[in-house]
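K.L.:
So the chains spell out like this:
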Amino acid sequence: MGLTFVYQVEHHAAFGPLIVLYFFLAGLSAGLFLISSLSTVFGLQKFKPLAKPSCAMALATLIPGLLALVVDLGQPLRAMTLFFRVNPSSVMSWGSFILLIYGLACLVYTYYLWREDSKVKFWGKIGAIFAVALGLYTGFLLAVVPGRPLWNSALLPVLFLVSGWVAALSLLSLAQSFFAKAAQIEGADAEEALHGMKIWIVTLEILLVAFHLLAVLMVNDAGRAVVQNLISGTKGVSFMLIQVVIGMILPLVIVLFSKRSVTALGFSGLLSLIGVFALRYNFVFGGEELPQAGTLLYLFEGGRAWILTVVLLVVTAVLIFLVPGIFNSITGRRVTGSGKAF
Amino acid sequence: MPEKEAHYGMVIDLRRCVGCHACTVVCKMENSVPEGFFRSWVMEADKGNFPNVTRVKLPRLCNQCEKAPCEQVCPVKATHRDEGGVVVVDEKKCIGCRYCVSACTYDARYFSPKKGTADKCDLCLDRVKAGMMPACVSTCIAHARFFGDLNDPQSEVSQLISENPCQVLRPELGTKPSVYYIGLDEALTGADYANLVKGR
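Residue numbers (my numbering), protein chains in the order written: chain A, 1046 to 1387; chain B, 6 to 205.
Incorrect hints may have been included.
What the hints assert, rightly or not - The calculated label-pair distances, taken between Cβ atoms and stated as ranges, are:
1) A:Arg1349 / B:Leu178: 44 to 54 Å
2) B:Asp87 / A:Pro1121: 21 to 31 Å
3) A:Ile1294 / B:Glu96: 46 to 56 Å
4) B:Asn200 / A:Gly1370: 51 to 61 Å
5) A:Ile1294 / B:Tyr198: 23 to 33 Å
6) B:Gly179 / A:Val1307: 46 to 56 Å
7) B:Glu96 / A:Asn1373: 44 to 54 Å
8) A:Phe1224 / B:Leu178: 45 to 55 Å
Unchecked claim - What the simulated footprint calls covered on chain A by chain B, stretch by stretch (three residues with Cβ under 8 Å from a Cβ of chain B suffice, anywhere in the stretch; the number is not a length):
9) 1047-1056
10) 1186-1192
11) 1328-1340
Please keep in mind that the hints were generated in silico from the structure rather than gathered at the bench.
The model shown is predicted, which means the values in this text are computed figures rather than measured ones.
The beta carbon of each residue, even a glycine, is placed where N, CA and C say it ideally should be.
One chain only, chain B, in its complex shape (with noise of 0.2 Å):
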């Protein structure tokens, strides 16, 4: 049997997640994201009621979509696949329209005021293809977060995904995301749109 390409992805292990925020930091640090902008960051929440309370927390990345509505409206192909199927964006062909920051349905995209072109998670491609993790699966503390092939069944990822109940986010957006997660807290996954609040 031919030997499948790579499908780079990733699986979060929410029950040893301790909410460090080391990752969101890390991946500032390594891929010098803008003030006020994030490629990897964490939600946490309260739920519950005393005393019966409990802290649940979510890291966020790009999900590396199968079918990725950003690659889909990118007007100028900007938007393409790299080693492994992710999603990366070409600095040099962005025009800067922001359809697909619009378009992603996870937030995970953002318009770099700096580069003048949109800007996402690309699982630290120049890392992996040097031999390394991503900086946020090296720097997790609790060693939560797991890379790798989801093609190989011998991979970290692939086996975690085979032997644990996963869950992706909005898995009802048919966007076949990459990135698994397990022990997902559903409080986490939408909005609350009964306590909106406006930022700054």
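Chain A on its own, in the form it takes in the complex (with noise of 0.2 Å):
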């Protein structure tokens, strides 16, 4: 039966780049922060000289996201009533009292881990668990929306966790890599551990995407259409390419052949880097760019959106060099001391 669409209307994406930027940034904190909890918290040793510049950089990280965050509204200065006009069917409502108590945790754990107090294992216990809340919560976010193949799967808050702790990892081995001195992480000497780890994380990872992706192509024709897009159709550059290829596939090849070479596990982070934010972006606009009825993609708003975004990462980047020459003046200590407090 022949079929022409003589009249629709474009709708509008609802979100944009500063979205994806959000997603990936509060990710990465959560990763951050798990990882410097796994020393002082679950007691794994091979992980202490990371803890301070983890944590460090999952303050540095979260505050930009954060700011993303508020700039996309279109109403910046009502962002506090996120906090008093609570709706609990609204998991946004949940996640603003997530990234609340995780940012508080967050700071408080990083000033005891920096003054080396015995305090820093409750902080880290509560900071662990609402790390775990908040990489799960971004993909939840997503994943009670009605009606988009992609999102609606409880695979979704995994995989953004997941995706976040690789983030995490790649960004610890960037900075050891190729400027350890700025972001005092000098000396700081975990490649085995950081090398082991990302094996199975970003291992663990490709499964998870593939997994999810094979059951969205196969339940209906509205997936089949959304994973079509991401192979080949408008996300076919940035999802085969930059996240399949250059982000997951390039990064474990390099890491697995590298004989443990520092700057090789630096490079492999930069791409997984790379590789994780194209995930966010692929899985938030692939997500949404499929209409709902009739034929036309949805629109995305650009320019203005995308600046900011460019912007906020240039921000992290200052800040990771920043935070931890901060709590090295408030505590009056080094930031890779001997830490006797756990």
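Join the two chains into one complex using the hints; note that each chain is given alone, in its own frame.
P.N.:
Dropping the structure here:
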């Protein structure tokens, strides 16, 4: 039966690049906090040298993430109303409290870690719980939106948490290889630990993406269309080339065959960070791009939001260098001290 | 028996619709809808193979769902119910997060760059409260649109729904729309993934 749409309306996509950036930075921050807590809370001594640098980076990535969220609002000055006009049925309402508690716990934890105070363990536990919640929440926010096959899966929160962990490992490797002194991660002898963990976590990420997409592909017509759009449609380059080949396969191959060279680990980290950002982009944009009726793909507002995204990424980079110094001067201690407290 | 609260809804008789788009235009004028956005619009498609063809039409607006995903996801309860169960956005509370825009399964919402908040069809509630019909109903040249109280068995809309086979859009989602169609064509109810085109 022939069918030609002669009149339909172009709809505007709801979420743009600043939401992608927020998901990227929130996942990254959660992953960094969890890596920091591996030694302080879970007692894995192998990761002890990374405890301080990674929690400083967790703060440095969280702040621009929150900024991205606020500047993305149509009414940024009303952001605080999220905390007193609570809607229990809204996942975003839960998220604002998760972010608030996580942010405070992260700040207090970092302070006690620098002071080498034993309270660090308690705040590390609170922070770790809310870091997991934050990592999952960014996926869960999308998972409960009806009628978007790429989003409607309980695997999405898990994928977002795991890819946040990948980004965190990658940022640490990148910092260690190329700007160890500036990020005050010098002498943090943890390549072994990073190396071993990265292989497993990236493998898990690849499996999660593959199984999620296979389920979406097979479940219905809309699902098949959204996966086809990722593989060979408008998101073909950003998904197949940037996310999968450059951002997932290549870093894994480099880590597997690099014989534990620090430079190779750092380069693999850079590619993984690009890959995780691309993953967030493909899932947010790709998930909302296909029409619910008719044939027209959704419109995305461009320009200004992309410029703000780049600006906030630069802010993130600057903060990564500044935050350890700030805590050094507040507490009068160095970042790579021999912590006795834990 | 106590009188039930009003439940405003609409019936659109597609057998009468001529596809003139007067509803689209009057809605824009009545509600000052910004350029590029619509509270009300009409989809049209040509169906069949020559010479056996027909033009199918589907006027669209907010479905005023009884179980509205937009109301559920609003983090600050800016989206709420007004008279007759109509879903409205409180412009003084909305933070402009656009979660409701992504949650709407009918594309009925948009982010108004002019207001910095979400915006949508409210069945011209100001007009209704003043005793008038929604603008699209008043202006429809073919009398294809009917507005009224779905809880009142004597209302025109209730009678039309009782006496005709009616459909709602995407019933499988369980949103329970309050906009009913008579003579809805399947071709316009979903997306045509085989012929996707990029917009501007």
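K.L.:
Could you run down the list of hints and mark each one as holding or not?
P.N.:
Hint-by-hint comparison with the structure:
1. A:Arg1349 / B:Leu178: 44 to 54 Å: 34 Å, violated
2. B:Asp87 / A:Pro1121: 21 to 31 Å: Holds, at about 27 Å.
3. A:Ile1294 / B:Glu96: 46 to 56 Å: Holds, since Ile1294 (chain A) and Glu96 (chain B) (Cβ atoms, about 48 Å apart) stay within the stated range.
4. B:Asn200 / A:Gly1370: 51 to 61 Å: 57 Å, holds
5. A:Ile1294 / B:Tyr198: 23 to 33 Å: 28 Å, holds
6. B:Gly179 / A:Val1307: 46 to 56 Å: Since Gly179 (chain B) and Val1307 (chain A) have Cβ atoms about 55 Å apart, the given range 46 to 56 Å holds.
7. B:Glu96 / A:Asn1373: 44 to 54 Å: 47 Å, holds
8. A:Phe1224 / B:Leu178: 45 to 55 Å: 50 Å, holds
9. 1047-1056: Holds: 10 residues of the segment 1047-1056 of chain A have a Cβ under 8 Å from chain B.
10. 1186-1192: holds (count 5)
11. 1328-1340: holds (count 7)
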